[in-house]
Amino acid sequence: MNNVYVYIEIGEGNKVADVSLELLTKGRKLASELGAALECICIGSELEGIEKQLFPYGVDCVHKFDDPRLFPYTSLPHTSAVVNLFKEEQPQICLMGATVIGRDLGPRVSSALHSGLTADCTQLEIDDFEMKVKQGDEFVTKHYEKQLMQIRPAFGGSIIATIVNPEHRPQMATVRDGVMKKEILSADYKGEVINHEVGKYIPETDYVVKVLDRHVEAAKHNLKGANIVVAGGYGVGSKEGFDLLRELAHELHAELGASRAAVDAGWVEHDRQIGQTGVTVRPKVYIACGISGAIQHIAGMKESGIIISINNDPSAPINQIADYNICGNIEEVVPKLIKYYKANSK
Amino acid sequence: MLNIIVLAKQVPDTHNVGSEAMTPEGTVNRAALPTVFNPEDLNALEQAIRLKEQHPGSRITMLTMGLPKAAEVLREGIYRGADEGILLTDRALGGADTLATSYSLAQAIRKIGKVDIILCGRQAIDGDTAQVGPQVAEKLGLPQITYTEEILECDENHIRCRRHIDGGVETVEAPMPILVTVNGSAAPCRTRNVKRIMANKRKEFTVWGAADIEADPQQIGKAGSPTNVKAVKSIVFKAKETKTLTDSDEDINSLVRELIESNTI
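Protein chains in written order, with the working numbering: chain A, 1 to 346; chain B, 1001 to 1265.
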């Protein structure tokens, strides 16, 4: 009872999604800090042996709901399984990926249980919390111990907000792929497996949405795992400007990324967006071209090793976290980088 | 003939937000900001107008919750093709998180009565949470299709949609009534129609408060919101030792050499 739960996202071939393993790693830390166990929920089809992918991350209990109709994911049956399990288990924390599935499922679960849900958290911590509450006619300060601090950029990324849900359980949060680190706790960690009777949790009437057809492709690029990222912002100025960045990225064996402003302008594909509402990257080298550095962008790249900013505005916020600032125009600096890289790397 | 509801939100233009827009309590002073029609709600409106074209006699009701000024999105929606607008506004509804908001919207939808399809944007640009759609569906006990890119078929009994999923697309079929959230990659919304502007310049909207939707005071506004904002801070970047270079050939050549020699690139 009152443990930390992670909803496990299961892809083709019953492979557990990276984001779920990242959440297990974070969940393990939170559970240990709270003196609670780490449990997780697997809902899918032919889940035999899936726990082997999960136990090394420090999972104490795997709850399985196994039925051919539970893969691919549809909203209602997965919601019922989670909601009805939570009514029995009363978790204190529930984490989900801020993926299409997590963002479809999380709100329904929170709505059914009347619990708070915070989307796209970038940090999760345990801390105490005080709040003024009304008792009768007067306000008193109430102290809440060991609450989940759900930290996220908000409002277009101009602020960072810390959200707490002191009076409602579970405290629910979603986190994007790549934001937390995944780390194996111990290769021989062993927990328990519970095979739940699916019909007890999911009514037949839930199977109303049919998936007729499904195309899933592997990602077209490896932005998340790239050693070097060349990223462009609104300052790149045009689609042609991005061709220059593509050329630099090609020379450096780097991946191309972009800020939201550049994606919104239509200069670069949506799946290359870096930031809170895009991909989080941790490359060895991050070359920011014409990126001013809105918080929501910084959130997705600040842990890069070396940050090089190319900008003609010396006061651009990104310059403050950069290791090198090159003051100049993209169309002049980038060709020079290409030229001198070719000249020096031979 | 379909009864269509479109949920729309007037949102601050988050591309232009300064710290002066925050109140000391950490909430947003929306009145101080330029506002726009939430972009993905426009994508939802377009899908609604297409349904109406395929099913003559259908009615599109726009529902929004917010300050009285939010009626602007209702008028905009009617200029583009909606039939009527309902503004849900009341001080008691203010300070709501997504859950209290979805309870209030669900109550209003119940009051509207018969509905076949509820359409809304996937998410709003002020919070980027994508929570209100599914939370409304759950409150009303309806199935949902989120991240919809196109409604392929729809009649009184069933709907078929193509939706975005991580790394791909899928086609799903579901019974009606249903709630559908529409992704930004769906067709853009048509522009205003001149005749509709002329005909609806002075159109009056229905205005409802908390009492009209028979809201439980414990489930609306701040009281109905499980989430609390503990702290809000504007980010101060940590100062780092930064080398500033010019765009001269010498500076760039020496940087590239330095990075190559240290095996960084």
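One or more hints might be untrue.
SDA-like cross-link-like pairs, simulated, lysine to any residue; straight-line CA separation at most 20 Å [as the list claims (entries may be wrong)]:
| hint | chain 1 | residue 1 | chain 2 | residue 2 |
| --- | --- | --- | --- | --- |
| 1 | B | Lys1230 | A | Met149 |
| 2 | A | Lys210 | A | Lys224 |
| 3 | A | Lys210 | B | Arg1160 |
| 4 | A | Lys284 | B | Leu1255 |
| 5 | B | Lys1243 | A | Lys220 |
| 6 | A | Lys182 | A | Gln53 |
| 7 | B | Lys1201 | B | Pro1068 |
| 8 | A | Lys339 | B | Val1169 |
| 9 | B | Lys1222 | A | His114 |
| 10 | B | Lys1114 | B | Pro1177 |
| 11 | B | Lys1243 | A | Tyr324 |
| 12 | A | Lys342 | A | Lys210 |
| 13 | B | Lys1233 | A | Asp127 |
| 14 | A | Lys134 | B | Pro1177 |
| 15 | B | Lys1233 | A | Phe129 |
| 16 | A | Lys336 | B | Gln1218 |
| 17 | B | Lys1111 | B | Ile1165 |
| 18 | A | Lys182 | A | Lys342 |
| 19 | A | Lys336 | B | Thr1171 |
| 20 | A | Lys284 | B | Lys1111 |
| 21 | A | Lys339 | B | Arg1257 |
| 22 | A | Lys64 | A | Glu192 |
| 23 | A | Lys15 | B | Gly1168 |
| 24 | B | Lys1222 | A | Val140 |
| 25 | A | Lys134 | B | Ile1165 |
| 26 | A | Lys210 | B | Glu1156 |
| 27 | A | Lys29 | A | Glu192 |
| 28 | A | Lys342 | B | Glu1250 |
| 29 | A | Lys224 | B | Glu1156 |
| 30 | A | Lys15 | B | Arg1257 |
| 31 | B | Lys1201 | B | Ala1032 |
Restraint-style ranges between C-beta atoms, simulated for each label pair [said to hold, decoys possible]:
| hint | chain 1 | residue 1 | chain 2 | residue 2 | range |
| --- | --- | --- | --- | --- | --- |
| 32 | B | Asn1157 | A | Val211 | 17 to 25 Å |
| 33 | B | Glu1258 | A | Asp127 | 51 to 59 Å |
| 34 | B | Glu1258 | A | Asp18 | 50 to 58 Å |
| 35 | A | Glu12 | B | Thr1191 | 36 to 44 Å |
| 36 | B | Gly1141 | A | Lys142 | 33 to 41 Å |
| 37 | A | Thr141 | B | Lys1243 | 14 to 22 Å |
| 38 | B | Asp1155 | A | Glu332 | 33 to 41 Å |
These aren't lab readings, by the way, just hints derived from the structure by calculation. In this text, a Cβ means the ideal position worked out from N, Cα and C, and glycines have one as well.
Inset, instruction - Any hints from earlier that this structure breaks? Give me their numbers in increasing order, please. - result: 2, 5, 8, 12, 14, 16, 17, 18, 19, 20, 25, 29, 30, 31, 33, 34, 37 and 38
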